[in-house]
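Model the full structure from these sequences, guided by the hints.
Chains as they are written, first to last, in my numbering: chain A, 33 to 179; chain B, 33 to 179; chain C, 25 to 101; chain D, 25 to 101.
Calculated from the structure, these hints are not laboratory results. Beta carbons: idealized from backbone N, C-alpha and C, even for Gly. There may be inaccurate statements among the hints.
To be verified - Taking CB as the label site, the calculated pair distances span:
hint, chain 1, residue 1, chain 2, residue 2, range
1, B, Ile80, A, Lys143, 16 to 24 Å
2, B, Glu50, C, Ser88, 39 to 47 Å
3, D, Asn77, A, Asn64, 35 to 43 Å
Letter by letter, the chains look like this.
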Amino acid sequence: MSDKKPKNVFIEGAISSEFIGNSIAKHQVKTNIGAHNIFLGQVRADNIEGKVVSAIDYTAYQDMANEKFHEIREATFEKFNLTCMHIYHSLGQIKAGEICLFVFVSSPRRKEVFKALEYVVEEIKAKAPVFGKEIFEDETHKWKVNT
Amino acid sequence: MSDKKPKNVFIEGAISSEFIGNSIAKHQVKTNIGAHNIFLGQVRADNIEGKVVSAIDYTAYQDMANEKFHEIREATFEKFNLTCMHIYHSLGQIKAGEICLFVFVSSPRRKEVFKALEYVVEEIKAKAPVFGKEIFEDETHKWKVNT
Amino acid sequence: MQLNIKYFGLIAEITTCTEETLELSNATIADLKNVLIGKYPELNTKDFQIAQNKEIVSNETLISGEELALLPPFSGG
Amino acid sequence: MQLNIKYFGLIAEITTCTEETLELSNATIADLKNVLIGKYPELNTKDFQIAQNKEIVSNETLISGEELALLPPFSGG
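Structural data, given as structure tokens:
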């Protein structure tokens, strides 16, 4: 169940819990699924040298990122026995406590979803040209680097 | 953040997508969390020797199961750096496509949640005295065994 | 000594009850199994574990008289 | 040959623009880097990769004239 054209993975603003709930609900007609695994990235109010992060402002090289997300999708369907997969990433200013990344994989069997989800998330972190600017409460900022 | 008394993990009936969405929403005040990982078990309409599963009827040795869930929680907090963890399991008749298990772990960092979630789910499958009776469309049944 | 024994899942189908009391003294789990298989011969063909006080115990364990349960293979989640 | 170059994140802060065109012929990625560091000396102190046609390329790659982009370290998710 992989599609051949890159979709747009980006959402303007935070990913709401209702959006996630609705996405789960849509899978209840797929009665060959036995296991779902969901990763959510949430913006942390990190304390960096005495200043607290109040939000992250996300920008991306969108065309390249959507291609990379598509390649990651295709590679994941090759490697693991998945029924479906969804990826959403926020753009713009996401406040501490809000969700900026939503990755959702489903399979008949649980062993597959654990391996697949970790693979997808690590690939996104490594290969998607997305840039997070940590905004502090005093409105200064620092560019984030994935570790 | 582990509590010392066993909680009741069981919910009568299926776990709704709204319940899951609300549970996610409640974590947005915890701004030290950077990563959530959620496992959902969904009832499969398996075809077993020509008959299709329409539901699973779950029963449990509830007192022992709640103690085991509690021991699993404690061991997981010992092993991994988690901010919080929630486990819910359905009792009663859960139709194909509905959700019967919801495990939710959160941590400042993503590496922890992947390891912790798989550990918790495997421990539940192996140690919780919960019994699933697969009900076929013709109302015959077969007792499920975890693999 | 009076034992309170709980049955679950497939096992409760065989015993046709979910709980009963039995009289048995100075016994091990193996002794209890023999008594139960005598009463319900079909148990002999089934996989099950026994929990005493909510912990799985082995054949050699002495029965202390508290809560006992016959548990078929687990299938949670 | 006219090159269309995009800048992102920290790099766009240094160049103070998100896109510009440059004239450069028969050049490699290394040549482009030299030109850009000449124009924006602060780039010399920063980590970045270059993508051509949405693929990361190395210093030896010949510039084909299509879409180029300077990408600071990724920090998605």
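Okay, the hints, checked on the actual structure:
1. B:Ile80 <-> A:Lys143: 16 to 24 Å: holds, 20 Å
2. B:Glu50 <-> C:Ser88: 39 to 47 Å: holds, 45 Å
3. D:Asn77 <-> A:Asn64: 35 to 43 Å: Cβ of D:Asn77 to Cβ of A:Asn64: about 39 Å, so the range 35 to 43 Å holds.
Going down the numbered hints, you'll see the structure goes against none, and every one checks out.
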